[in-house]
Amino acid sequence: MPFLREKFPRLVRQYESWYSRNAYAPEPYRQKIAVRLNRIKASLGFTLRPWEELRRPVLPTPQLSLAL
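This note's numbering numbers the first residue of the sequence shown as 1 and each following residue consecutively.
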């Protein structure tokens with residue numbers, strides 16, 4: 001909260017009311033932020049999470065022959 005008080009004082013009252021009762025922001029706000037972040041990630045080319053990429057099956061490819 002000290003950061004908010006210094007940089008964004010108009011948000012302090014709202015955040016204090018949210019986080020004084022719960023560790024999470026209200027669901028509608030979280031969904032709004034998720035949509036915004038997904039749009040930003042897509043515009044920057046971040047479409048997959050790294051661990052999802054690791055779970056993709058590796059398809060076998062035929063071995064190439066040498067042209068000798």
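Read the hints as simulated data drawn from the structure, not as lab findings. Computed from a predicted structure; not experimentally measured. Don't be surprised by glycine CBs; every beta carbon is placed ideally from N, CA and C. Accuracy of the hints is not assured; some may be wrong.
Stated by the list, open to error - Label pairs and their in silico Cβ distance ranges:
#1 ASN22 <-> PRO2: 40 to 46 Å
#2 ARG49 <-> SER20: 27 to 33 Å
#3 TRP18 <-> ARG49: 24 to 30 Å
#4 PRO60 <-> ARG5: 14 to 20 Å
#5 PRO62 <-> ARG39: 48 to 54 Å
#6 LEU68 <-> ALA34: 29 to 35 Å
#7 ALA25 <-> PHE46: 43 to 49 Å
Is 29 to 35 Å a correct range for the gap between the Cβ atoms of LEU68 and ALA34?
The hint (29 to 35 Å, Cβ to Cβ) is violated, given that LEU68 and ALA34 are roughly 55 Å apart.
Quick one: are PRO60 and ARG5 within 14 to 20 Å, going by C-beta?
violated (58 Å)
Take the C-beta atom of ALA25 and the C-beta atom of PHE46, compute their distance, and say whether it sits inside 43 to 49 Å.
violated (22 Å)
Taking the beta carbons of TRP18 and ARG49, is their distance inside 24 to 30 Å?
holds (26 Å)
Just tell me: holds or violated, for the beta carbon distance of ASN22 and PRO2 against 40 to 46 Å?
violated (20 Å)
Taking the Cβ atom of PRO62 and the Cβ atom of ARG39, is their distance within the range 48 to 54 Å?
violated (40 Å)
Between ARG49 and SER20, is the Cβ distance one that fits in 27 to 33 Å?
For ARG49 and SER20 the Cβ distance comes to about 32 Å; the hint holds.
When each numbered hint is compared with the structure, violations occur for hints 1, 4, 5, 6, 7.
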